[in-house]
Amino acid sequence: MEKKLGVYICECGPNIAEKIDIDKVIDAVSSLDDVAVVDRYKLLCSMDGKKFLEEQIKKQGITHLVVAACSPKQHEQTFMEVCINAGINPYLFQLANIREQCAWVTEDKDEATKKAIILVKAAIRRVRYHVSLEKKEIDSNPDVLVIGGGIAGIESSLLLASSDRMVYLVEKTSSLGGLITSYEKTFPSMVSSSDIIKQKIQDVDKNENIKVFTDSEVEESLGFFGNFQVKLKKTTEENEVVEFNVGAIVLATGSTLFDPDRIPQYGYGKIDNVITSLEFEKMNLSGRISLKNNKTPKSVAIIHCVGRDEVGYCSEICCMYSLKFVRYIKDKLPDVKVTNFYSDLCIPGKSDQKFYEETKGKDVNFIRANDIEITKQGDRINVKYKNENNKKSLPIDMVILSPAVEPTSDTFKLAELTGISQGDKGFFSEEHEKLAPISTSTEGVYIVGCAQGPKNISETVVQAGAATGKILSSLVPGRKIEPEVKTSQISESFCIGCKTCISVCSYGAITFDEARKIAVVNEVICRGCGNCVGACPSGAANIKHFTFNQIYQELMEAVK
Amino acid sequence: MNKPEGSLKNKGAIISAKPSTKESIDDFLKKAMDKGVFDAVLIPMMVPAGDSFAYVLIEDKSLLKDAIPLPPIMSVQGGHAVSSVTRLGKGSMKIAVIMRPCEIRAAIELSKLGQTDLENVTLISIDCPGVLPISDFLSDPGKGMKQFDEAAKKWDDKIMRPVCQICDKSSMVAGDLHIGTLGAKNNTFLVISNSQKGNGILDELGIVTKESIDDWQAKVKNIAEEKHKKRKKNLKDLKTKIGSLDNLIDAFSQCINCHNCMRVCPVCYCRLCYFDSDKVKHPSENYLQMAESKGSIRFLPDTIFFQMGRMMHMSLSCVSCGACEDACPVSIPVAQIFSMVADETQGLFDYVSGRSLEEPIPLVAYKEEELHEVEDAND
Numbered sequence: 197m198e199k200k201l202g203v204y205i206c207e208c209g210p211n212i213a214e215k216i217d218i219d220k221v222i223d224a225v226s227s228l229d230d231v232a233v234v235d236r237y238k239l240l241c242s243m244d245g246k247k248f249l250e251e252q253i254k255k256q257g258i259t260h261l262v263v264a265a266c267s268p269k270q271h272e273q274t275f276m277e278v279c280i281n282a283g284i285n286p287y288l289f290q291l292a293n294i295r296e297q298c299a300w301v302t303e304d305k306d307e308a309t310k311k312a313i314i315l316v317k318a319a320i321r322r323v324r325y326h327v328s329l330e331k332k333e334i335d336s337n338p339d340v341l342v343i344g345g346g347i348a349g350i351e352s353s354l355l356l357a358s359s360d361r362m363v364y365l366v367e368k369t370s371s372l373g374g375l376i377t378s379y380e381k382t383f384p385s386m387v388s389s390s391d392i393i394k395q396k397i398q399d400v401d402k403n404e405n406i407k408v409f410t411d412s413e414v415e416e417s418l419g420f421f422g423n424f425q426v427k428l429k430k431t432t433e434e435n436e437v438v439e440f441n442v443g444a445i446v447l448a449t450g451s452t453l454f455d456p457d458r459i460p461q462y463g464y465g466k467i468d469n470v471i472t473s474l475e476f477e478k479m480n481l482s483g484r485i486s487l488k489n490n491k492t493p494k495s496v497a498i499i500h501c502v503g504r505d506e507v508g509y510c511s512e513i514c515c516m517y518s519l520k521f522v523r524y525i526k527d528k529l530p531d532v533k534v535t536n537f538y539s540d541l542c543i544p545g546k547s548d549q550k551f552y553e554e555t556k557g558k559d560v561n562f563i564r565a566n567d568i569e570i571t572k573q574g575d576r577i578n579v580k581y582k583n584e585n586n587k588k589s590l591p592i593d594m595v596i597l598s599p600a601v602e603p604t605s606d607t608f609k610l611a612e613l614t615g616i617s618q619g620d621k622g623f624f625s626e627e628h629e630k631l632a633p634i635s636t637s638t639e640g641v642y643i644v645g646c647a648q649g650p651k652n653i654s655e656t657v658v659q660a661g662a663a664t665g666k667i668l669s670s671l672v673p674g675r676k677i678e679p680e681v682k683t684s685q686i687s688e689s690f691c692i693g694c695k696t697c698i699s700v701c702s703y704g705a706i707t708f709d710e711a712r713k714i715a716v717v718n719e720v721i722c723r724g725c726g727n728c729v730g731a732c733p734s735g736a737a738n739i740k741h742f743t744f745n746q747i748y749q750e751l752m753e754a755v756k
Numbered sequence: 155m156n157k158p159e160g161s162l163k164n165k166g167a168i169i170s171a172k173p174s175t176k177e178s179i180d181d182f183l184k185k186a187m188d189k190g191v192f193d194a195v196l197i198p199m200m201v202p203a204g205d206s207f208a209y210v211l212i213e214d215k216s217l218l219k220d221a222i223p224l225p226p227i228m229s230v231q232g233g234h235a236v237s238s239v240t241r242l243g244k245g246s247m248k249i250a251v252i253m254r255p256c257e258i259r260a261a262i263e264l265s266k267l268g269q270t271d272l273e274n275v276t277l278i279s280i281d282c283p284g285v286l287p288i289s290d291f292l293s294d295p296g297k298g299m300k301q302f303d304e305a306a307k308k309w310d311d312k313i314m315r316p317v318c319q320i321c322d323k324s325s326m327v328a329g330d331l332h333i334g335t336l337g338a339k340n341n342t343f344l345v346i347s348n349s350q351k352g353n354g355i356l357d358e359l360g361i362v363t364k365e366s367i368d369d370w371q372a373k374v375k376n377i378a379e380e381k382h383k384k385r386k387k388n389l390k391d392l393k394t395k396i397g398s399l400d401n402l403i404d405a406f407s408q409c410i411n412c413h414n415c416m417r418v419c420p421v422c423y424c425r426l427c428y429f430d431s432d433k434v435k436h437p438s439e440n441y442l443q444m445a446e447s448k449g450s451i452r453f454l455p456d457t458i459f460f461q462m463g464r465m466m467h468m469s470l471s472c473v474s475c476g477a478c479e480d481a482c483p484v485s486i487p488v489a490q491i492f493s494m495v496a497d498e499t500q501g502l503f504d505y506v507s508g509r510s511l512e513e514p515i516p517l518v519a520y521k522e523e524e525l526h527e528v529e530d531a532n533d
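Listed in order, the protein sequences are those of chains L and E.
To convert, take the position in the first sequence, counting from 1, and add 196; that gives our numbering.
To convert, take the position in the second sequence, counting from 1, and add 154; that gives our numbering.
Keep in mind that the hints were calculated from the coordinates and are not lab data.
We put the CB at the ideal spot given by N, CA and C, even for glycine.
Honestly, I wouldn't trust all of these hints.
Unchecked claim - Which stretches of chain L does chain E cover? Using the computed rule of at least three CB atoms under 8 Å from a CB of chain E, they are:
#1 680 to 693
#2 696 to 708
As the list claims (entries may be wrong) - Cross-link-like lysine-lysine pairs, in silico, DSS-like; alpha carbons within 25 Å at most:
#3 L:K427 / L:K494
#4 E:K435 / L:K756
#5 L:K695 / E:K521
#6 E:K433 / L:K199
Could you build all of it, start to finish, from the sequences and the hints given here?
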């Protein structure tokens, strides 16, 4: 069929019209091969503009469309829809970015015009090599995989499970509940932790739409939003692998504590009765606070901010649980002297201040200190510290360290599995700190709770609700999803079967055909990222719509 | 190849059985076949006409006496031969392959590229004195044979191919076993193991490696250093001659587009060369466009594009074996040019082609911090 190219230049109000000599651009491209129409319009993305474009395509019999306007990020989709409405394939279209890349980068109108001409010519040359691509639809899977059986995972599972949505809740250890099960009470209301968590675990057990896998780890997750293929491995029975499909994944893997062993001056692991906060929680839960020799301590020091400088952030929750520890101690042993060593107190929120003041009133010392060093002094412990530049020391019976909150050890593995990134502190990275704190760079993968950063229980529960909301509104049972159209294609005649592409594919979209000794792309899973194209040693891999020839033609025109 | 634990390459065994080194090697292989350590041996042999050599897969051990472990020419690159045998999988046969170090290295590169399965293959390298240019040899095979033997005995490389004269890896131990003949006395040879597979084979043969290899190593080092110096100098000179696109085009100006260099290259791994495919057959309007932008266009097209495309594909795996230069009918110093580029591209990644099976090819070994030296200085 004969090609009839339509080239339309958007003035973008004054954005392009004032910075680029559009008439000059029109002159420069009008006589190019196959160019049937070149025209300008004041705002092509407006309702009127889209109508104009649609009518032009129909009236002029345009087969290939070039629009010179803004960034494809902004309006490529808009003009592709115009193509569909006008009855031409949306991939027989190319957008030349003459706003961000020309009008906005220089004050020099001549230079901007010169570059705009080059970009429009390159787009015209490229579009002539475009081919029609067809969209496909597949069913989305509404089920959800929740990784981590602590409060974050449990809350998410309970909110998500329904008669038309199965939840697979995977827990690494042998039981659900997570860290909360070690706590007697939660701050600031000092209600019983077991009351909170036991009820929720029972609800999970009763819910037939939640399938719980304890002693299990996720081994593989391939695919994308609406279509993840998941493999679990039972850690107790050998080789037992469970496979299922889900549409979304919630990462609720919680956190662990900074190992105080890394700072020798705290004496952890070497001096008796120097314990971590979690060890103290467990001791307190057992009903009796005692020293190693079984005697009752007469004095207790709580050291805040352990490892804060090392990890490089405030862990938000340690001050509050340290205050809770004061309450535990004063409830059980009212005569014990309790001293808090802190470098900064973090007591935010509407109810925490009251909790702090009430705790402070119970005959408790708060000392702002640095350079803390803990040494053994006979049967007791000596806490040396610096306060307002004075060196001081305090003999004490028991020291509780409140270490920083850190990501768990499997964060790296899970980040790799799900294709999301980790921030410099090692926690999973959210998509956007403020605007998208629950979602991640991989569509359909969400983070809830301390896996994203230190958080208290109520914040975690809020996040579970937020992630659930996101999933419920986007992963609707019965809704179709459209796999990527611009997928990789591996040429059978060029492929040498070296499997290099398989090793670099982030989505597990490439398999090896043993009979033909070539790599084969699963187009439903491929996201068109191009890793295989870059790594393929023989040039067999190509991305549709970004073929070597299309890029070559565009480049050759641009550098002519 | 799993590195053997304990002392690596520090000890060897001296094998001596027969009146000549060649017969000692035959005997070693024959014993290994007797014991079932190998089912077959892939080794060069003279063709019946007596004027060339080919790799032969020997199953009948009585034929080993006709094998020529070090033929005077490289008519077939051994890496190619190994990959032909195992391209479609390893098979059940245990095969020993006797090849020059550059051929062993090509086999290792091909294995990384999935073009050969070395699981049941034992790679045995042998000290290489170089080979004659094929055209020199073919002009008088009898004379060539004699000349090669004499030169090889004295380790004199003056009549060898130019790329052999600057080869600093002519005794590189990269496979499972290595046969050291440099400085070997009284028709013996030194066998060195370089892998667990190699260790296992020597164990099965009851060979204990307790001899010092210091003398051999010292000789290897001497030769390698001397050749390395010459390599640096020659390739530097070559670079000043062809170091710009115009000069490079000049260097290949006599190219007749026969693609022989690609066909004989052991690591030119593509099943179908892009430049032999329909992808480079453009509609005439494209050629017109090209002619329009440059004023004219040469036919057949893509001469320099082919060379540069080949360079991009295989320079990271190039083993400087020289097969391309031997195959060039118009005597372009292809191997020297490719060696020069290979030294630089491999150097960028601290990579030596065929040095080790464990070293991943640089294209898949992504590092966050690398290649800053080739980044745009303005970034």
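Legend entry - Violated hints, by number in ascending order, as checked against the structure: 3
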